[in-house]
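First to last, the sequence lines map onto chains A and B.
Going by the numbering used here, the first sequence opens with residue 3, and the numbers climb by one from there.
Going by the numbering used here, the second sequence opens with residue 661, and the numbers climb by one from there.
What the hints contain is simulated information worked out from the structure, not anything from laboratory work.
No residue lacks a Cβ here, since even glycine has one placed at the ideal position from N, Cα and C.
Treat the hints with care, since some could be wrong.
Unchecked claim - The following label-pair restraints were derived from C-beta to C-beta distances:
#	chain 1	residue 1	chain 2	residue 2	range
1	A	Gly272	B	Ser707	35 to 45 Å
2	A	Gly183	B	Leu676	21 to 31 Å
3	B	Leu697	A	Gly189	48 to 58 Å
Unchecked claim - Some chain B residues close to chain A (C-beta under 7 Å, calculated; not the full set):
#	residue
4	Leu670
5	Tyr690
6	Met696
7	Ala762
8	Phe816
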Amino acid sequence: MSKTWLYALGAIVALVLIVAIRIYFPFAVAPIKVAAEPLPGLVIPIPGFPIPITNSLLTTWLTMLILILLALWVRSGLQSVPNRKQNAAEMLVEGFSGLAEGIAGPKWAPTFFPIAMTIFLFVLLSNWLDLLTPILAAVGIQEQGEIIPILRSPSTDLNFTVGLALISVVLTQYYGMRAHGWIRYWGRFIKIGWVGNLIAVLTGKRKGNPGAVIAMGLIDTFMGLIELISEIAKILSFSFRLFGNIFAGEVVLLVIPFLLSFLVPLIFMGLETFVGLIQAFIFAVLTLAFMSLAVASHGAEHEAH
Amino acid sequence: MEALGISPNLLLTQILNFIILFILLRLLLYKPILSMLDSRKQKIQESLEYAERVKRDAAEQQKEFDRKLEEARHAAQAAAASAAQVGEKEREVILAQAREEARQMIEQAKGQIEYERKQMMSDLREQVVRLSLLAAQRVVSQSLDDSAHRQLVSEFLAQTDELGKQN
C-alpha cells in the first residue's frame, strides 16, 4: 500500500474517532472570561506582594520556557556552515535586524533590535498557543462547578498585553530622553516657550501683537498636551489591540465548533494563525517605529496608528 | 480594572517575565547568531579577497611563465643560429684546408713535371750530343782530331744552350 493511502486511512480513522468522542463524551467548556482565572491554591507568597498564579501566567512561563529551549537548541548546533535549523533562525534574526536597521537607522538598530525581536517572539508564540484554545479550554480544574482551564494564551490576559505596552512606551520615552536630553525631550510635550516671547513683546524688546502671540502660544501648548496624551494612549492602543484581536480569536475558535464541528473551524484556525503572526509583527514593528521617532531629531514628529 | 483582570502584582510579574526573557534571548539567541553572521561575513570577505589575490598571482605567474617561455625560445633560436654559424665556419675551414691541400698537390705535381721535363731535356741533350758526336765522327772522323772535335761540339752546345734558354 502506498504512503498516500496510509495517510488517507489515518485521516479517516482520526475523523471517526473525533466523531465518536464528540458523541460519547460530550465535554463541557470553560466559560469565557475576560480576566485570567487564578489557579486555586497556587500563590507565590511574597509578603505584601502575593502573586496569584493565573492560568495565563503559567502559560507565560511555558512560553518563555519553550522560547528559551528553542534558543538553546538553535545555539547548540551553531556553526559557520549552517544547517537547516540554523538557517531558519538566522533568517528570522537577520530579517528582524535588517528591519530594525531600516526603521531605526544603523545607530540605534543594535539597541532596538533585541527589544522588538523579543516582543515579536514572545507575542507570536503566545498568540499561536491561542490556537490550542479549543483543547486548552477543556483541560482544567473543577472549582465550584466551573472549569478553570490550566492553560490560557497570555495574549488574552490584559496583564500580559499592558505589561508589554508599558515596556514599549516607557522604553520609548527612555531612549527619547537619552537621545535628546530630558529637557529637550519633554519640551516636545510641554510647550511654554511662547511665554518668554510674550514677555519680550510686552516689555517692548520685540515688536509684535501680544494677542497673536498668546493665541499662537496657547495653540502650541495645546498641541503639546495632545502629543502627551497620544503618548499615554499608546499604552492603551498597544495593549487592547493585541488583547482584542487574540481574545476575539479565542472566542471565535471556541464558539465555531459548536455551530459547525467539522472543517469550518480549520478555516478559522488558519485565519487565527495569520492574525497571531500579524499582531505580533505589528506590536514589534510599532515599538520599533515609535522608538525611532522618539530618538529622531525634531521635524519628524508623530505618526498616526 | 478588577473586571478586566488587571492587577498590579500580575502586571509587574509579566513585566519581570519580559525582562527575564529579553536578557536570556539576547544572551542565548541574538548575540550568538549575530556574531556568527558577522564572523561568516568576515570569512566570506576574506575568502573573496583571497580568491582575488590568488587569481592575481596566477595571472602574474602566467605572465612570468610566458616571459620565460619566450626567453627560452629566443635562447634556443640563438643557439641554433650560432651552431649554424659554427658549422659554416667549420665548413669553410675544411674547404680552405682541402683547397690548400689540392693546391699543394698540384704544385707538387707541377714541380715533379718540371723536374721530369728538365731531366728529360738534359737526357735528350746528352743523347743529342752523343748522336751528333757519332754523326760528326762518321762525317769528319778523319779531318779533326779528338780534342778539336770536342771543342767544336762544346761551342755548338753552348750555342744551343743559349738558344734553349732563350726559348
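Results of checking the hints against the structure:
1. Gly272/A / Ser707/B: 35 to 45 Å: At roughly 44 Å between Cβ atoms, Ser707/B and Gly272/A fall inside 35 to 45 Å, so the hint holds.
2. Gly183/A / Leu676/B: 21 to 31 Å: 29 Å, holds
3. Leu697/B / Gly189/A: 48 to 58 Å: Taking Cβ atoms as reference, Leu697/B and Gly189/A lie about 39 Å apart, which means the hint is violated.
4. Leu670: 4 Å, holds
5. Tyr690: 5 Å, holds
6. Met696: 6 Å, holds
7. Ala762: 89 Å, violated
8. Phe816: 133 Å, violated
In terms of the numbered hints stated before, the structure departs from hints 3, 7, 8, listed from lowest to highest.
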